[in-house]
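**Q** First to last, the protein sequences are chains A and B.
Position one of the first sequence corresponds to residue 1 (my numbering), numbered consecutively onward.
Position one of the second sequence corresponds to residue 1 (my numbering), numbered consecutively onward.
Honestly, I wouldn't trust all of these hints.
To be verified - Simulated DEER-style distance windows between Cβ atoms:
(1) A:Arg-238 <-> B:Ala-80: 49 to 55 angstroms
(2) B:Ser-243 <-> A:Ala-162: 38 to 44 angstroms
(3) B:Glu-166 <-> A:Arg-10: 52 to 58 angstroms
(4) A:Met-1 <-> B:Trp-372: 52 to 58 angstroms
(5) B:Ala-271 <-> A:Glu-200: 32 to 38 angstroms
(6) A:Arg-238 <-> B:Glu-200: 44 to 50 angstroms
(7) A:Gly-183 <-> B:Ala-80: 55 to 61 angstroms
(8) A:Arg-10 <-> B:Arg-211: 46 to 52 angstroms
(9) B:Ala-271 <-> A:Arg-10: 54 to 60 angstroms
(10) A:Glu-176 <-> B:Trp-372: 19 to 25 angstroms
I should point out that these hints are in silico values taken from the structure, not numbers from a laboratory.
Model, not experiment: these values are computed from the prediction.
The C-beta atom is built at its ideal place from N, Cα and C for all residues, glycine as well.
2 protein chains.
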Amino acid sequence: MSDDASLRERAAKVVPGGMYGHLNAAIFAPGYPQFFVRGDGCRQWDADGREYVDLMCSWGPVVLGHRHPAVEAAAAAQRADGDCLNGPGPVMVELAELMVDMIPSADWVMFSKNGTDATTQALMVARAATGRATVLVAHGAYHGADPWCTPSPAGTTASDRADLVEFTYNDLASAEAAAAQAGDDVAAIIVTPFKHDSFEDQEPADPAFARGLRALADRLGAALVIDDVRAGFRLDLRGSWESLGVRPDLTAWSKAMANGYAIAAVTGADALRGPAQTLYSTGSFWFSAVPMAAAKATIETLRDIDGPALMERAGTRLRDGLAAQAAAHGFTVAQTGPVQIPWLSFAGDATLEKAMYWSEQCLAEGVYLHPWHNWFLSAAHTDADIDRALQGTDAAFARLRAKFAGD
Amino acid sequence: MSDDASLRERAAKVVPGGMYGHLNAAIFAPGYPQFFVRGDGCRQWDADGREYVDLMCSWGPVVLGHRHPAVEAAAAAQRADGDCLNGPGPVMVELAELMVDMIPSADWVMFSKNGTDATTQALMVARAATGRATVLVAHGAYHGADPWCTPSPAGTTASDRADLVEFTYNDLASAEAAAAQAGDDVAAIIVTPFKHDSFEDQEPADPAFARGLRALADRLGAALVIDDVRAGFRLDLRGSWESLGVRPDLTAWSKAMANGYAIAAVTGADALRGPAQTLYSTGSFWFSAVPMAAAKATIETLRDIDGPALMERAGTRLRDGLAAQAAAHGFTVAQTGPVQIPWLSFAGDATLEKAMYWSEQCLAEGVYLHPWHNWFLSAAHTDADIDRALQGTDAAFARLRAKFAGD
Chain A
1 MSDDASLRER AAKVVPGGMY GHLNAAIFAP GYPQFFVRGD GCRQWDADGR EYVDLMCSWG
61 PVVLGHRHPA VEAAAAAQRA DGDCLNGPGP VMVELAELMV DMIPSADWVM FSKNGTDATT
121 QALMVARAAT GRATVLVAHG AYHGADPWCT PSPAGTTASD RADLVEFTYN DLASAEAAAA
181 QAGDDVAAII VTPFKHDSFE DQEPADPAFA RGLRALADRL GAALVIDDVR AGFRLDLRGS
241 WESLGVRPDL TAWSKAMANG YAIAAVTGAD ALRGPAQTLY STGSFWFSAV PMAAAKATIE
301 TLRDIDGPAL MERAGTRLRD GLAAQAAAHG FTVAQTGPVQ IPWLSFAGDA TLEKAMYWSE
361 QCLAEGVYLH PWHNWFLSAA HTDADIDRAL QGTDAAFARL RAKFAGD
Chain B
1 MSDDASLRER AAKVVPGGMY GHLNAAIFAP GYPQFFVRGD GCRQWDADGR EYVDLMCSWG
61 PVVLGHRHPA VEAAAAAQRA DGDCLNGPGP VMVELAELMV DMIPSADWVM FSKNGTDATT
121 QALMVARAAT GRATVLVAHG AYHGADPWCT PSPAGTTASD RADLVEFTYN DLASAEAAAA
181 QAGDDVAAII VTPFKHDSFE DQEPADPAFA RGLRALADRL GAALVIDDVR AGFRLDLRGS
241 WESLGVRPDL TAWSKAMANG YAIAAVTGAD ALRGPAQTLY STGSFWFSAV PMAAAKATIE
301 TLRDIDGPAL MERAGTRLRD GLAAQAAAHG FTVAQTGPVQ IPWLSFAGDA TLEKAMYWSE
361 QCLAEGVYLH PWHNWFLSAA HTDADIDRAL QGTDAAFARL RAKFAGD
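Isolated chain A, as found in the complex:
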């Protein structure tokens, strides 16, 4: 029995289903490893010692590559002094100053641990500011796994969603209709910077839609909240809608903020500073200094090396390579999402039969990616790493062709 199989057998006895959540390998194609033992740069090793060029980056957190020296040095220096103390360290102030300085929409920062903490806290700030309850949210958008937002209804109640009204992403008229339905009770509109729902091709935000949501929030006196948990620090260090000229009132951040260390944040506009101050929002580990030191080093490094541009270069090389391979092997594919957070789907593959088979072949060729969730690149992906990944994807396309004979 492989080490992975043996660990799965033991896990099945002490963890529900053997594993749960987004890292549950039972929901992926057969052959996906469940347990991992090592990471270095953009490579990861599973429990059976197999090495992968990693195109998932642990579902987003790893943005500079595993064991990045600047991040590890900053974390180690802080750890030698203290981590979880009776108050925050000076590094909390330094990190908040760095973010306020870098993010034009940010006048203040509140820290937490999970992306869900940040999206939930942002809505609390908006509700405290407006005295209203309703939040407009795009149908099918992922904003975390608390009862109000988890994609599965299991364990949730009708009350958990009672304050939500849905609209359709990139359909401003639907957002206007949702606002009309909510009457004068809209506290916030929450939106991801692009449409990154699982199982679907990703969609950039239509600039007119983004500007329209900004105007709608202003008209309603509601807060515009960008959920930048997934995309933040990969596309634009100023915030993912800054290039559209659309500034949110509140932004939720997490995943890539500290290169794998657990931290999340809400940044907000000055007008919401007072309401934010009224919340009782906290956690036992929210002010620990080591993840803050790691976040400061991560953000400074991303700024100094222009991390988003490096990821854009790697992502473009990957996209171009995959496009050529798909065409050569006779498959029509859609490559969607920003190149730093890419995804590939096969035409006419509603059952994901091709996606599952192809991704499984990629795995066998040492390339870790995902059949129905967007991938993530890091600044550690060099041209050589992308070329190594493309070797594997090419072999996988060849096997896919042997099985499906093209489209």
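Here the structure of chain A is known, so what remains is to put chain B in place on it, guided by the hints.
**A** Relative to the frame of chain A, chain B by itself:
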């Protein structure tokens, strides 16, 4: 200007209120330091370099003392290989096996980051199992800071609490009445192992109340959930009600689980394994291996050195010393809570005038404790540390006497 004052001035510009949550020093007596720079064993140092015998243990997480060698070695070894990867490490299985082995009510474990994650997830499991919504909860009990449980109404909506019905701690008739009010919709009863509400003397659970809640949950077909986030791993490694012979269906754990590393867990009975498996409950950092390695080392060390007994010894010495000092200085005090999680209040001190002044004098004497929230001891508190703390508290009682002339 002191370093602490200067940091507060900078923080006020970039963090709402300069700080928020349970570590916000603005809500304590004047003189409480806000920023901390170092921890070692049971000592902490603030940003101005002042050393304290720490009786708060970072509000609970630090249970073996800062920089405990076994915990740090386990974390470092795991960190050298990897932390936040594309799947959990083998250490997740080892940690889950350890907990299932140690905790009689635990047949399985689910991991997360915040205590609030664990209490919320436990209620989700109970709701998934029963298909019901209502949760019975003790009035004034702290179960976390999500909208459904945060003590402040700011930023919350009526829907957030719509599924809760309150009872009074240690009053079984009130729990029966709450159940009657909820009709056939009770999914869970959630309760802390003792009454540890802020601003109030703590109360042990009446064993008849604990047994009565167990019987009530059984009669209703609802889950009995113990919120052991605050008390877990300090009183009894088997769970805080095991000594009463009362076993919960679900238990929420966090704070002391990994000696300061961020982790939380729900443990549950076999009958709830299937429902737990149906949840989509996850977070970007929930399966990171370093906090799990730290948790495993923390729990093993607590077991091997009998941590709860060490804390009981330290807590008893502290309690006896404080009792003698209070009497000698002419103050009537109540010392409540388990000795490992103690608190002291002054008779007739509803405005906390004495508590605030006394705790401020303790601070000035190098003893860090809290005027209206329970304290925490660790296994690192030796007799000598307690005696050093008692030196400081004695001087503080003397100053209190100079100001208030006894009761």
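**Q** Looking back at the hints listed earlier, which ones does the structure fail to meet?
**A** 1, 3, 8, 9 and 10
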